[in-house]
Amino acid sequence: MSTGPGRFEQVYDEHVVAIYRYVYARVGNRPDAEDLTAQVFVRAVEQLDTTRQPGQIAAWLYRVAQNAIADYWRAFYRLPLIGVDHVAPGWEPADDKLRPEPAPDDRASVRVEALLRGLPDRYRKVLELRFLQRLSVAETAQAMGISSGNAKVLQYRALRKAALIGDGTDG
Amino acid sequence: MADERDPRAERFERYLDALLGGDRPSPDDVASGDEPEMARLAAEMAGAVGPQRAEPDPAFVEQLRLRMRAADEGLVAIHVPPPVRERGQSHGVEPAGRRAWHLTRRQVLQGGIGAAAGLAAGLIGAMVTGNRRAETPSLGADDELVAGEGFWVEVASVEELPPGSALRFSTAAFDGFVVNDDGEVRALSSVCTHMGCTLQYRPEWRDLRCPCHDASFDLTGRLANGRRAWREEPYRGDARAYPIELPNLVRPRVKVEDGRILIWTAQA
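Sequence order for the protein chains is H and G. Start counting the first sequence at 1; every next residue gets the next number (the working numbering). Start counting the second sequence at 1; every next residue gets the next number (the working numbering).
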């Protein structure tokens with residue numbers, strides 16, 4: 001039986017990178033991704049029963065991560081919970097069938113590409129320059145032959161448009 | 001094309017600028033309405049595409065591992081009651097791996113790894129002075145850390161910090177908040193002294209709240225919803241007292257000069 005000391009650390013080693021990636025793909029920046037990853041494992045070290053099946057352990061961790069991400073968007077950005085099955089942190093799935101699909105990063109990028117394709121040319125262009133090529137506002141403005149003020153307005157409208165599209169398709 | 005300016009777009013650009021620069025974005029730059037959804041979309045785009053890979057920093061993974069190891073060994077953990085089950089749903093037998101936590105207050109105080117992490121984060125060689133402020137009653141909360149080797153670093157301007165607000169800052173050696181407590185500017189560590197989670201400022205409660213176990217620290221750095229405080233008055237909004245006492249938050253020295261807020265930070 002593998003309940004001796006070090007079992008939790010084994011779980012940690014197996015999952016920390018995947019959980020971090022999962023969180024990072026949903027908050028998009030390192031400091032917040034690190035905080036939320038830490039939250040998940042702090043809960044886990046106290047509440048996770050490490051004698052469970054590996055699949056159930058993964059399911060539990062992703063579920064706690066989902067909740068932490070939902071809380072982040074709700075508490076900080078006042079976003080209502082949409083399509084998130086919010087459960088108490090101590091919750092454990094009864095069986096593996098309830099495991100949430102760990103969405104790999106490539107699925108997120110497929111979704112982003114689909115969103116970009118659905119936008120008018122100038123909107124897509126400004127978002128590609130800023131998010132894919134990581135140009136600054138000034139560089140983006142120069143590349144598009146517009147002022148910085150216009151570039152900010154354009155990206156703002158592009159994001160709003162994309163957010164509205166995303167709302168409709170991502171049910 | 002005429003130069004167009006939109007204050008909403010200007011402000012939202014501050015959010016994007018931090019996000020795309022790999023820094024922590026501020027919710028303060030996101031207004032209500034469509035903007036939270038735009039922020040979430042931008043975060044997902046930033047996380048999904050672009051040159052910044054989603055790999056964790058090895059130093060972060062290692063540091064968290066050490067925190068988890070200490071917690072797993074039972075040094076610093078609070079007892080968390082088992083999840084409430086509906087009647088009839090109980091499976092009777094507790095899983096064999098369920099760990100029991102043993103802890104004394106002394107262990108917490110000695111082993112406050114969060115506090116230790118805050119110190120290790122750069123305030124090495126720091127010492128706690130006596131009460132520097134005679135006008136405030138002595139409760140230990142007004143001890144300030146004075147570092148040996150270090151320097152002043154600007155973390156915010158006074159303009160950015162109206163009364164009742166708080167700002168996160170990061171220096172090479174230290175993560176914290178500067179707060180404006182009705183005119184008095186203080187700096188506080190953002191590391192919870194229980195298990196090292198990052199605290200969040202709640203303007204409506206004027207406290208620094210830990211997302212991991214709901215400890216609340218007041219703006220002098222004292223635990224505000226512990227049992228001791230609870231005896232005087234139940235903490236607003238909480239159903240029960242936080243179960244253990246915790247050391248105060250680390251407080252670096254702070255000064256205001258020419259409208260700039262500076263904190264004393266150790267040599268990294």
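No lab work stands behind these hints, which were simulated from the structure alone. Please read these numbers as outputs of a predicted model, since none were measured by experiment. Positions of the beta carbon are idealized from the N, C-alpha and C atoms, including for glycine. Incorrect hints may have been included.
As the list claims (entries may be wrong) - Among the chain G residues that face chain H by a calculated CB cut under 7 Å, a handful are:
#: 1; residue: Glu4
#: 2; residue: Pro7
#: 3; residue: Ala42
#: 4; residue: Val256
| request: Could you check the structure against the hints above and give me the numbers of any it violates, in ascending order? | output: 2, 4
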